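Quick one: dock chain against chain with the hints and give me the complex.
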Amino acid sequence: MSLVHINILIAFAVSLTGLLMHRSHLMSALLCLEGMMLSLFILATLTILSTHFTLANMMPIILLVFAACEAAIGLALLVMVSNTYGTDYVQNLNLLQC
Amino acid sequence: MVMYIVFTMSTIFVISLVGVSSKPSPIYGGLGLIVGGAMGCGVVFGFGGSFLGLMVFLIYLGGMLVVFGYTTAMATEQYPEVWVSNKVVFGGFFLGLVLELLVVMYVLKGGKVNVVFEFNGLEDWVVYDTGDSGFFSEEAMGIAALYSYGAWLIVVTGWSLFIGVVVIMEITRGN
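Protein sequences appear in the order of chains F and W. The numbering used here applies: residue 8 is where the first sequence begins, and numbers increase by one. The numbering used here applies: residue 599 is where the second sequence begins, and numbers increase by one.
Pulled out of the complex, with its shape left as it was, chain W reads as follows (with noise of 0.2 Å):
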């Protein structure tokens, strides 16, 4: 049952990104990304991953489309599009709807899909159960080797940010 909730969330998450991606004026393709990183946090909670699911709404929604959503609140238009005013976009919508729903009932009639891999049915998503992992969450403690294994990743990324900082401010030095 659980896995029919994170099947459908799963197509949920499909179809926002078709609406983002037919290209509604840009604050409604930043709607359709909220919609999109809310349900694809809820599939990577039905697969127990509560901290990366978490991580989604905090740095990704919380942080990068808030700043998204400002940068388009700058540069927006007097009548912007939504997805029903512009033939256009609304088939292009369509289009992506009438693919996605056309995937599922495949799927939901057949059970297994053979394209490249073979994709088992929606019941076996405990693939591989390598024995118990005491009363830890693996998760968290991979998430938590990143300052001991990971150590020279956290040098990088933080120097890489550091340098991106500095690149944003030499770009809009203008002049």
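Just chain F, same shape as in the assembly (with noise of 0.2 Å):
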């Protein structure tokens, strides 16, 4: 395996820790999740191509396709957030006081 893989294990590592620790926004999760959209099809990109399995290259299109409607139904729930505190904040969503 090349050690361009390392590098993209370790970018979508990064993204995954950036998801799990919030700042203030809800939208930088959301560009967290796609940053580690984005590696996973680089690294299933790299791999299908130096092992010449011709049929799986068909793989990362439909990951990608998945990644667009999760990306499309997460940045809907933002948008009714942002519409009811104003806002997308992370702070401001407490309903479940605890």
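If you're looking for bench data, these hints aren't it; they were derived computationally from the structure. Just so we're clear, the structure is a prediction, and the values are computed from it rather than from any experiment.
To spell it out: a stretch of chain W is covered by chain F in this simulated footprint if at least three of its residues, at any positions, have a beta carbon under 8 Å from a beta carbon of chain F; those stretches are: (1) 631 to 642; (2) 670 to 682; (3) 732 to 744.
Glycine is no exception: its CB is placed at the ideal position from the N, C-alpha and C atoms.
Below, the structure is given as structure tokens:
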């Protein structure tokens, strides 16, 4: 396996860490999720191209389709939060009170 | 020589994703994702996947990030935080930068990294070579098989996109 794969795995781990630690905006968490999807796409593409697994070349495209669906639904939820509270700050999501 | 360019682009990819996940204001996170997408596209080009690399630009940057861009413009703040304007953001970015530079120096000095798999050196990027494939690009033929062998995949993804649109309309109905 080539050394480029290490960097892509580190990029996935960094985006995962960024997703799990909130600061103020909910939008930043969605952007970290998009970073994870991008690094998964690149990792799958590199592995499939290196091992010449021809039929699996369609898998990154399908991954991108489902990532687009998920991003759109996440953005719709963010828009509704922003309509209710005025901003998308994470500290506003306190209905659970725990 | 090409392999050094591809490795440098993957390093810039990691640094831009560190810039996204150190969480400045979301508009600067989107900028980091654009740079990361361009570098990831270059890495895929270096491995010979021209169609999939251009798909990153078209679908990911041109489709998804544009939507993120104007949603961010809708919900942005008056004084956005750039990476150097806040100590927490700069500390996180600097930590990620130091981590990546340590990894790169270890890799370039040793040549072999043995974490879970064994990552060989920069040179053997054509790991498996299974004979010639004629005049066709394997990648293009594999993606074209999406419409023959992957017909059920097309049906499922098309249906789930349609259901996604219906779900979004229900969420944003409000009232």
